[in-house]
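Q: Below, each chain spelled out in residue letters.
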Amino acid sequence: MKDLFIKLAKIDRRYIFLLIAVAVILPFLMPLNFPTRATSHTKSVFDIIETIPPENNPILISFEYGPSTMPECHPMAYAILRHAFARRVRVIGITLSADAAGLGEEALQRIAKEYDRKYGRDYVFLGFKPGVTAVMLSIGEDLKRTFPRDFYGKPTSEIPMLDSVHNYTQIPLVVPLTGSATATFWLVYAGARYHARVADGVTAVIAAELYPYIQTKQLAGLLAGLKGASEYEHLIYRAGYTKTKGQASRGMDALSIMHLVIIAFIILGNIGFFLSRRAPRKGDQA
Amino acid sequence: MIPMDTVWTWIAALLTLAIFSFLYKDNPFYKFAEHLFVGVSAAYTLVILYYNSFVPNLIVPLFREHNYWFIIPGLLGLLFFARFIPKLGFLILFPIAFTIGGYAGLSIGPGLQARLLKQLQGSMLHPADFADPGLLINKLIVLVGILGTMLYFYFSKEHKGILKVATNIGIWFIMVGFGAAFGYTVMARASLLIGRVQFLLTDWLHLIR
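So the protein sequences, as listed, match chains L and C. Quick note on my numbering: the first sequence kicks off at 236 and runs consecutively. Quick note on my numbering: the second sequence kicks off at 11 and runs consecutively.
Calculated directly from the structure, the hints in this document are not laboratory data. Misleading hints may appear alongside valid ones.
Examples of chain C residues toward chain L, derived with CB under 10 angstroms [as the list claims (entries may be wrong)]:
(1) F30
(2) P66
(3) I95
(4) K97
(5) L122
(6) K128
(7) G132
(8) H136
(9) F140
(10) L202
(11) I204
List time: in silico BS3-like cross-link candidates among lysine-lysine, alpha-carbon distance up to 25 angstroms [claimed, not checked]:
(12) K278(L) <-> K389(L)
(13) K452(L) <-> K149(C)
(14) K278(L) <-> K149(C)
(15) K452(L) <-> K174(C)
(16) K149(C) <-> K128(C)
(17) K389(L) <-> K379(L)
(18) K35(C) <-> K278(L)
(19) K174(C) <-> K149(C)
(20) K35(C) <-> K242(L)
(21) K379(L) <-> K353(L)
(22) K245(L) <-> K174(C)
(23) K379(L) <-> K364(L)
(24) K452(L) <-> K478(L)
Small disclaimer: the values here were computed from a predicted structure and weren't measured. Here a beta-carbon is modelled for each residue, glycine too, at the ideal position from N, C-alpha and C.
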């Protein structure tokens, strides 16, 4: 038994990769439909959008993720856009990351089409602007001066839904969807400086460092990784805003099984490690 | 005629498999996909930067709107390239000084407020907290965690006696923090794999809907 654990601790890592692959693929082919329960910080984001009056002030979604973090952030974008468009809440899309421009545009166009929302009336995409913190601060002064033209080159002064939007005062919620430290930048520059209400949608890697800001209420809500996206999909599905659960929910079975496999390997690896430390090595004196 | 969508899906699927092949061992397929990714990403970023930043922020105001004030930031930006001319390399200090000075000025106030003052405020006990036992327990845990962690990084006195007890508590909180961060990191990486597998099974193989 002891030898088995020691051998397992030294197993070729490619067998582990193979097991992980099986753990990911099987739940897609044979769904287990584990229940989803929304955490309070995901529900906060949902509740805020629920209270925003339709066809009024727009929410601002900042797309700040590239293809590498797309599996986590893109389902969040879809879910929040579905919620907003279903309730006729207007949306301003921007991006502070050059490689997110195409992804942001695709998300807006696809979900707007699903709910028959019109560009310029229900949503706009202002595109990419370099400068990150400078852009966040500049929106606080004047949105249209920060983005004189939209992503397609049309002057923002000619876009009807932006007529009454000058700065964060007219934006009831700012939602950065990001896989980087810009999540906290929004709190600092839009939140602390201009009192904007910020709710982050972030990759799981940086979620842990954002929890202290929820405790101090600087962050109005948080969607953390694929789980956060699936929770939001669950909320809008339960509320009847969409007929099918989204991409993140379909991936949760695989995520749960994969976590169990990883936990099992961590336990086995540790047992093997401690047993191999106790076992006498070759050449040791009795 | 094969639809273009199908062609692109096949290209994306084969490139995904080429990247995954590294898990077995390094090979030319992986190398090809890796280099292609780096090249395409750099070119895409360059094009987006040119059309979304350089053109609207410099070319249009300067040459179409004839707003000649934009010559100043334009020249300041050009000085970043001075480092390629050894004799004029020192000129890069001007745009760097401008950038650092500007960002420091803009960051210090809001940064202090959001990252320090409001967080400190959140860790303090308020008379209203005593009305809700659950909230009080949470806040006490936060307070003990902050004091223990800060004392752990206090190096002006040897960690002995009561200080050792406090710093040991700090270590436990730090470890829990690391554990949470690691757990989330595992979840993030697993999510990326799930995203790719979902693409392969849905868009490429059509095994699931």
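Q: Does I204(C) pass the interface check with chain L, least Cβ-Cβ distance below 10 angstroms?
A: holds (4 angstroms)
Q: Below or equal to 25 angstroms on CA atoms is what counts here, so check K452(L) against K149(C).
A: With a Cα-Cα distance of about 14 angstroms, the restraint between K452(L) and K149(C) holds, given a limit of 25 angstroms.
Q: Just to be careful, I want the Cα atoms of K278(L) and K389(L) compared with a cutoff of 25 angstroms; is the pair within it?
A: Violated, at roughly 36 angstroms.
Q: K174(C) and K149(C) were given as a pair; does the straight-line alpha-carbon distance stay at or below 25 angstroms?
A: Holds, at about 23 angstroms.
Q: Does the nearest C-beta of chain L fall within a distance shorter than 10 angstroms of the C-beta of L202(C)?
A: With Cβ-Cβ at 5 angstroms, under 10 angstroms, it holds.
Q: Hint check: is the beta carbon of P66(C) less than 10 angstroms from a beta carbon of chain L?
A: Cβ of P66(C) sits 6 angstroms from chain L, so the hint holds.
Q: Please verify that hint: F140(C), Cβ, nearest Cβ of chain L, below 10 angstroms or not.
A: violated (18 angstroms)
Q: Is K452(L) close enough to K174(C), meaning Cα to Cα at most 25 angstroms?
A: violated (33 angstroms)
Q: Is K245(L) close enough to K174(C), meaning Cα to Cα at most 25 angstroms?
A: violated (37 angstroms)
Q: Sort out whether K278(L) lies within 25 angstroms of K35(C), counting only the CA atoms.
A: violated (44 angstroms)
Q: Does the structure keep K149(C) and K128(C) at a Cα separation of 25 angstroms or less?
A: Satisfied, since the Cα-Cα distance of roughly 15 angstroms is no more than 25 angstroms.
Q: Could you grab the alpha-carbon distance between K452(L) and K478(L) and see if it respects the 25 angstroms cut-off?
A: violated (33 angstroms)
Against the hints set out earlier in the document, violations occur for numbers 3, 4, 8, 9, 12, 15, 18, 22 and 24.
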